[in-house]
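In case you want the letters, here they are:
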Amino acid sequence: MLRTHKLGEADRIITMLSRRHGKIRAVAKGVRRTSSRFGSRLEPFMVVDVQLYEGRSLDTITQAESLAGYGAAIVADYSAYTAASVMVETADRLSEAESSVQQYLLLVGALRSLARAEHPSDLARDSYLLRALSLAGWAPSFDDCARCGAPGPHDHVVVQLGGAVCPDCAPPGSPVLDAGTRELLVALLRGDWDRAEASDDRVRSRAGGIVSAYTNWHLDRGLRSMSHVESERTTP
Amino acid sequence: MYEGIVQDLIDEFSRLPGIGPKSAQRIAFHIVQTENLDVTRLAELLATVRENIKFCRICGNVSEQETCGICRDPRRDSTIICVVEESKDVAAIERTREFRGLYHVLGGAISPIDGIGPDDLSIQPLMQRLADASVTEVILATDPNLEGEATATYLTRLLTTLEIRVSRLASGLPVGGDLEYADEVTLGRAFEGRTTLR
Ligand SMILES: [Zn+2]
Ligand SMILES: [Zn+2]
Chain A
21 MLRTHKLGEA
31 DRIITMLSRR
41 HGKIRAVAKG
51 VRRTSSRFGS
61 RLEPFMVVDV
71 QLYEGRSLDT
81 ITQAESLAGY
91 GAAIVADYSA
101 YTAASVMVET
111 ADRLSEAESS
121 VQQYLLLVGA
131 LRSLARAEHP
141 SDLARDSYLL
151 RALSLAGWAP
161 SFDDCARCGA
171 PGPHDHVVVQ
181 LGGAVCPDCA
191 PPGSPVLDAG
201 TRELLVALLR
211 GDWDRAEASD
221 DRVRSRAGGI
231 VSAYTNWHLD
241 RGLRSMSHVE
251 SERTTP
Chain B
631 MYEGIVQDLI
641 DEFSRLPGIG
651 PKSAQRIAFH
661 IVQTENLDVT
671 RLAELLATVR
681 ENIKFCRICG
691 NVSEQETCGI
701 CRDPRRDSTI
711 ICVVEESKDV
721 AAIERTREFR
731 GLYHVLGGAI
741 SPIDGIGPDD
751 LSIQPLMQRL
761 ADASVTEVIL
771 ATDPNLEGEA
781 TATYLTRLLT
791 TLEIRVSRLA
801 SGLPVGGDLE
811 YADEVTLGRA
821 FEGRTTLR
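Sequence lines, in order, name chains A and B.
Take any residue in the first sequence, note its place counting from 1, add 20, and you have its number in the numbering used here.
Take any residue in the second sequence, note its place counting from 1, add 630, and you have its number in the numbering used here.
Calculated directly from the structure, the hints in this document are not laboratory data.
Computed from a predicted model, the values in this text were never measured in an experiment.
Where hints are given, some of them may not hold.
Now the in silico label distances, taken between C-beta atoms and shown as ranges [what the hints assert, rightly or not]:
hint : chain 1 : residue 1 : chain 2 : residue 2 : range
1    : B       : Glu674    : A       : Gly129    : 52 to 62 Å
2    : B       : Leu667    : A       : Lys26     : 47 to 57 Å
3    : A       : Lys26     : B       : Ile661    : 47 to 57 Å
4    : A       : Tyr73     : B       : Pro651    : 14 to 24 Å
5    : B       : Val662    : A       : Glu74     : 31 to 41 Å
6    : B       : Gly648    : A       : Ala88     : 44 to 54 Å
Glycine residues also receive a C-beta, built at the ideal position from the N, C-alpha and C atoms.
Throw the hints in and build the complete structure from the sequences for me.
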């Protein structure tokens, strides 16, 4: 379940990412009534087996069986909630045209990891973003030069060029990429959690800024949920 | 499609929440065809409501005056504030007759994916009200769905700095739904059995 929109008096339109059929939008009737038999199964961050009845414009959900419920654990931790919101919004945007089983599995795995608090939520979010964009065909490079392939490590990063760039490819005034941030970005992309978690807050925040800029560059419009992650960091 | 003003009327009704094209058509034809229907009163009422309804300067509830009837009522217990998402939740809780404290209407729930963060809700005004030491308990009565729970989590964390009891409506409320649809008995019980978060 990616997101929901209120419809009419007590219905919702549910946007889902399916394992094999990409993104699906369907109507859940009466789901906002507290007596609804769907309960919380059709809320974001839930993994559900649904049956749909084909309608003229939109399908209707006739049955929903819960496979895994990550919502309750995620909303109990506010930073996990904002991270999960970024993930589902990204999945929603990346699957506009088509999607893949890998994209589905990556999202489910990331939500599960957030619900279980396996890793700090900002790292889980950034790792998900880099890997989801890679699956969509926009793999960044933080080691070899993203433009000419010259072996790294390199000291500059230009998100518009795809990551780290060599001195020849770096336009004048390119942002500097320090060793700690570069190592963290490489670790996040690979899912190397031991190395990622060894990083300190300053490095995480810098890497987060680069991941956020890289994501917004590739998605036509910026992610709405991203701004609330950043503002969340500055509050106690 | 109908001609001119009839279709305009149907279009206007379809833009209202909870009214689909079929209902809009039914209402429009009811207005067009029913004899002795006092449309002048209806039209005047709509205009009057728009002109006179304000939001209570203290709690954010809909009100005809600067402050709402609940905030003005000296019999209400001003040491307890119940935090809800919308004015219609105030109405739902009032129907239970279980609660004698005051309210605070947030104006929605935190939903990053819809671009709604804490700053978009009436959270700062709530904190200002709580700075006044007379409040001893805050009841979080946001909807028992994902966004409502996340908003309660955020507020709980924010309120930990204050010496105030923070409680959440009992978990007996069915999950996934909107508070306004809970029946009076269930909602009343949820109030009685509210759990202290800190
Ligand atoms: Zn190069
Ligand atoms: Zn008031």
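Taking the beta carbons of Tyr73/A and Pro651/B, is their distance inside 14 to 24 Å? Hint holds: Cβ distance 20 Å, inside 14 to 24 Å.
Is 47 to 57 Å a correct range for the gap between the Cβ atoms of Leu667/B and Lys26/A? Cβ of Leu667/B to Cβ of Lys26/A: about 30 Å, so the range 47 to 57 Å is violated.
Could one say that the CB atoms of Lys26/A and Ile661/B fall in the range 47 to 57 Å? Check failed, 26 Å falls outside 47 to 57 Å.
Are Gly648/B and Ala88/A spaced within 44 to 54 Å by their CB atoms? violated, 33 Å
Taking 31 to 41 Å as the stated bounds, is the beta-carbon spacing between Val662/B and Glu74/A within them? holds, 36 Å
Measuring from beta carbon to beta carbon, are Glu674/B and Gly129/A in 52 to 62 Å? holds, 59 Å
Violated hints, in rising order: 2, 3, 6; the structure is consistent with all others.
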